[in-house]
Amino acid sequence: MAGIKPVTKIDGSYVVSPGVQNAVKRLGKISGAEQRLIMGIFALSTQPLIDYKNKNVDEQTRKFSVARTVVKIIVGTTVGTLVRLGTVAAARKLVFSGKLKPQKSEIAHSLTRLNDFAKTVGTFLGVLAVVVTNFALDMPLCKLGMDLVVKKFNLQPGEDKKT
Amino acid sequence: MLYRCLYPIKTSIQRYCTKGTLDNANFLKVTGALGWVLSGIAQVGAILLNNNIPNKEKKFLIPQEILDCVVNVSTFLFITSKAENIGKALVLSGKFLNKSAFDVAQKLKPEKLFNGKFGLNTSKKEFDAALNIIKNTIANQTNNKQIAQEFSDFYKGAGVITSLIGSIISGNIVTPIIRNRLAAVYQNKTHRNKELVKPQNTTIQTTSISHDTLNKYISMAQNHYSNMKI
Chain A
0 MAGIKPVTKI DGSYVVSPGV QNAVKRLGKI SGAEQRLIMG IFALSTQPLI DYKNKNVDEQ
60 TRKFSVARTV VKIIVGTTVG TLVRLGTVAA ARKLVFSGKL KPQKSEIAHS LTRLNDFAKT
120 VGTFLGVLAV VVTNFALDMP LCKLGMDLVV KKFNLQPGED KKT
Chain B
0 MLYRCLYPIK TSIQRYCTKG TLDNANFLKV TGALGWVLSG IAQVGAILLN NNIPNKEKKF
60 LIPQEILDCV VNVSTFLFIT SKAENIGKAL VLSGKFLNKS AFDVAQKLKP EKLFNGKFGL
120 NTSKKEFDAA LNIIKNTIAN QTNNKQIAQE FSDFYKGAGV ITSLIGSIIS GNIVTPIIRN
180 RLAAVYQNKT HRNKELVKPQ NTTIQTTSIS HDTLNKYISM AQNHYSNMKI
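In order, the protein sequence lines correspond to chains A and B.
So for the first sequence, numbering that gives the first Met the number 0 puts the first residue at 0; every next one is plus one.
So for the second sequence, numbering that gives the first Met the number 0 puts the first residue at 0; every next one is plus one.
Bound-form chain A, shown alone:
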């Protein structure tokens, strides 16, 4: 019966179907790029709304703030995800050519786990790469995006009104 419904309550336990079990296992091995993308999607659905509801600043500033948040999230998520995908690809080459090796035999002797190790190395290198890409890509792209948005919607940073 657990195979029919995604989750079934039996004797006080919630038992998942094999499909859900596989999904949980798959999500348990999520890479940094996937994590960044998920975070970005949720950020886009919540942060502009929070900024728009921020009553500490005037309407004009709020609009400007929302636009800036949207631009920053789109740029940050795109750059962050692509950078991590790139570093994961590079890490795969390093791991499968033997230049970087896991220090546990249980990982080294399993192709799936070696792939997980490569994803982990790629995620780690991706986080380090963020220092460079923040300056080299995020900042100029955010500026470019904001210039376009400000022109298109005639936005100006307003003055705060709350005392």
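Please keep in mind that the hints were generated in silico from the structure rather than gathered at the bench.
All values derive from a computational prediction rather than experimental measurement.
The beta carbon of each residue, even a glycine, is placed where N, CA and C say it ideally should be.
Each hint should be verified, as a subset may be incorrect.
Claimed, not checked - Using 25 Å as the maximum straight-line C-alpha spacing, the simulated SDA-like pairs for lysine to any residue come out as follows:
#1 4(A) - 152(B)
#2 28(A) - 72(B)
#3 54(A) - 185(B)
#4 18(B) - 73(B)
Said to hold, decoys possible - Just some of the chain B residues that point at chain A, by a computed CB distance under 8 Å:
#5 14
#6 15
#7 98
#8 155
#9 171
#10 176
Place chain B on chain A using the hints.
Showing chain B alone in chain A's frame:
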């Protein structure tokens, strides 16, 4: 020579990433926090290197940036850690299970397999010890290591999912709200300073320049603190 210099770095990366592969939830949490810290350093660097910001303003903006980074990282680590513990506790207490582990528990009686008490403050050591005991019991009962491994993968997956939910709540809801409130405090403080330094009997030109400059930095700080990148 270069290889010798890089060797300790390579070994450290290998060691750290091996640990990370075995405990993805913790790895994602730590790299997430590291991302916040590095992003904060980049923002401080951007302020330091920006010649358009006067030194006086830099002295104000840099501590703000550091404070913001500390708030982000501590909120992120606190919420994701607790959220991760929820997922792990649900599985190890037998409340959320995969089918094969549930079947073993039914044969043994659930309270025999899942007899530990776990909560938000349970340590990683306690979780690991409980997982090993349950894994070994399942393997011994079924004579099938695969079933024990399935349970272990399910447990780790549950930890990652709840940790991810925690990071979404922290990064996208809690932190922006705290950030907006902090920005309001900074703004009010700046306004009070503006009122204090505003000269009473000066020429229109002097007042106008001072007001514009101050407004420029108020807007800059306000936009900066209400829109920090993840």
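- Query: What are the numbers of the hints that this structure violates, sorted from low to high?
  - Reply: none
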